[in-house]
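Student: Positions 2 to 399 (the numbering used here) are the ones given, in order, by the sequence shown.
Worth double-checking, as some hints may not be accurate.
Claimed, not checked - Here are the computed lysine-lysine pairs in the BS3-like style, where the Cα-Cα straight-line distance is at most 25 Å:
#1 Lys166 - Lys265
#2 Lys166 - Lys261
#3 Lys69 - Lys21
#4 Lys21 - Lys72
What the hints assert, rightly or not - Restraint-style ranges between C-beta atoms, simulated for each label pair:
#5 Ser32 - Ser370: 48 to 54 Å
#6 Ser383 - Pro66: 36 to 42 Å
#7 Gly297 - Trp38: 52 to 58 Å
#8 Phe73 - Gly297: 36 to 42 Å
#9 Tyr334 - Ile254: 23 to 29 Å
#10 Val388 - Ser3: 21 to 27 Å
Bear in mind the hints are in silico, worked out from the structure with no lab data behind them.
We put the CB at the ideal spot given by N, CA and C, even for glycine.
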Amino acid sequence: ISFYTFHQAAFLADAYVREKSVVEFFEGTRSLRSGFWAFCRYGAFVSFFPQLIIGPITYLHEFHPQVKSRKFISFDPLDIAVGLAFISIGMFKKVVIADNIAPTVDLVFGAAGAGAVMDPAHAWIGALSYMAQLYFDFSGYSDMALGLARMFGLRYPLNFYSPFKANGILDYYRRWNMTLTRVIARFLFTPLSIAGTRYCAVHRLSPLPTQVLSLWLPLLINFQVLSLWHGAAWTFVAFGLMQGVWSAAEAQIRGSKKYKRMCKSTSPFFRLLVERAIFFMLICLSLAMFRSESVGAAFHLYAQMFGASLDAPSAFEMREPVLMLFCAFSIIYLMPNAVELMRRYRPAMMTYENESYGFAFLRSIWRPSWGWAAFAAILTISSLHYVSRQPPFLYQGF
2 ISFYTFHQAA FLADAYVREK SVVEFFEGTR SLRSGFWAFC RYGAFVSFFP
52 QLIIGPITYL HEFHPQVKSR KFISFDPLDI AVGLAFISIG MFKKVVIADN
102 IAPTVDLVFG AAGAGAVMDP AHAWIGALSY MAQLYFDFSG YSDMALGLAR
152 MFGLRYPLNF YSPFKANGIL DYYRRWNMTL TRVIARFLFT PLSIAGTRYC
202 AVHRLSPLPT QVLSLWLPLL INFQVLSLWH GAAWTFVAFG LMQGVWSAAE
252 AQIRGSKKYK RMCKSTSPFF RLLVERAIFF MLICLSLAMF RSESVGAAFH
302 LYAQMFGASL DAPSAFEMRE PVLMLFCAFS IIYLMPNAVE LMRRYRPAMM
352 TYENESYGFA FLRSIWRPSW GWAAFAAILT ISSLHYVSRQ PPFLYQGF
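Working from the sequences, and respecting the hints, build out all of it.
Tutor: In structure tokens:
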């Protein structure tokens with residue numbers, strides 16, 4: 002319902018300012034018959050099934066011109082091949098990877114909620130497992146949404162683009178749930194930032210209050226709203242505060258003269274490694290708060306992660322979870338994402354232009370060939386082996 006509501010809210014905002022695509026959409030609707038067909042077109046826009054559950058949130062100017070084109074529902078063989086490849090990759094991510102990591106996540110976070118002690122290794126495995134589970138769950142859905150749309154001849158806005166390859170929290174939100182980020186930025190952060198800047202200019206405030214009102218406070222409000230959108234719980238409030246403070250601090254640091262001097266004196270590769278290591282640690286701790294049953298449970302897990310119970314008994318056998326994590330993070334960091342794999346066929350509208358930070362020798366390119374068809378078949382058969390459990394998408398509950 003939340004994505005459905007955002008979808009319509011964006012449409013109404015465009016209609017209010019008489020955005021060109023909306024005006025053209027309703028042109029010639031003076032008669033009852035034309036009005037009926039305009040309503041049908043609007044219904045198709047807001048309820049087109051590949052985007053209905055978890056996005057992406059599309060604007061009318063992105064959707065309507067494609068529906069009017071000849072490619073829509075033409076069932077072009079190449080579109081079907083690209084779409085099926087996306088669906089097979091997405092289903093594998095969700096069913097084979099994310100859902101097989103879920104039991105470890107439930108075990109560790111359930112134990113933390115009950116106040117059980119555990120050694121640091123098991124606590125870290127639980128936190129890292131949730132990172133991987135959430136990543137592949139949302140990535141899998143996003144790939145399947147792109148694939149379903151492409152089979153109908155449509156290209157959706159990109160909603161997920163290797164967020165764990167980000168070099169900071171600001172870069173992360175240009176890669177994770179990208180269409181929701183741009184909607185919140187458009188309707189919340191930007192107006193608040195402009196209002197704060199104007200207020201400071203009118204009252205001639207000093208640099209520090211100007212920074213607070215024009216950047217820090219809008220960022221804090223922005224991330225608090227984004228977090229509370231997931232649900233009314235103190236863990237989401239704490240998560241939003243963590244993300245907001247982190248974003249404000251990062252924006253301040255990256256804008257400082259000292260950071261810019263450091264960029265000139267250090268190699269880009271070394272700087273990327275350091276920034277990504279810091280990001281990885283902080284996003285792991287943030288998502289542990291996000292997943293925890295309560296704020297107290299999150300801090301209990303933090304204590305276990307950093308050695309509060311070094312002599313605690315082993316909570317579970319670590320071999321299989323560690324192997325799953327190794328495979329999951331190897332895919333995340335060493336393999337191209339699905340959009341990169343299909344880049345020759347323009348599988349999505351680029352919401353933001355992001356660097357991949359991938360390794361060149363692993364940047365494969367998909368082609369409509371028997372080899373890639375066999376690869377997709379293997380992924381699909383592997384997924385069907387587990388699909389009978391039918392666990393929901395994590396974001397479906399928000």
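Student: Please check whether glycine 297 and tryptophan 38 have a Cβ separation lying inside 52 to 58 Å.
Tutor: Given about 56 Å between the Cβ atoms, the range holds.
Student: Quick one, are lysine 69 and lysine 21 close enough, alpha carbons at most 25 Å?
Tutor: holds (16 Å)
Student: Would you mind confirming whether the straight-line C-alpha gap from lysine 166 to lysine 265 stays at or under 25 Å?
Tutor: Satisfied, since the Cα-Cα distance of roughly 22 Å is no more than 25 Å.
Student: For the pair we were handed, lysine 166 and lysine 261, check the Cα-Cα distance against 25 Å.
Tutor: holds (22 Å)
Student: Sort out whether lysine 72 lies within 25 Å of lysine 21, counting only the CA atoms.
Tutor: With Cα atoms ~23 Å apart, lysine 21 and lysine 72 stay inside 25 Å; holds.
Student: In this structure, is the beta-carbon distance linking serine 32 and serine 370 contained in 48 to 54 Å?
Tutor: Taking Cβ atoms as reference, serine 32 and serine 370 lie about 51 Å apart, which means the hint holds.
Student: Serine 383 and proline 66, beta-carbon distance inside 36 to 42 Å?
Tutor: The hinted range 36 to 42 Å holds for serine 383 and proline 66, with Cβ atoms some 37 Å apart.
Student: Hint says 21 to 27 Å; check whether the CB-CB distance for valine 388 and serine 3 agrees.
Tutor: holds (26 Å)
Student: Can the suggested window of 23 to 29 Å be confirmed for the beta-carbon pair tyrosine 334 and isoleucine 254?
Tutor: holds (24 Å)
Student: Given the range 36 to 42 Å, decide if the beta-carbon distance of phenylalanine 73 to glycine 297 lies inside it.
Tutor: violated (52 Å)
The structure is inconsistent with hint 8 alone, although it conforms to all the rest.
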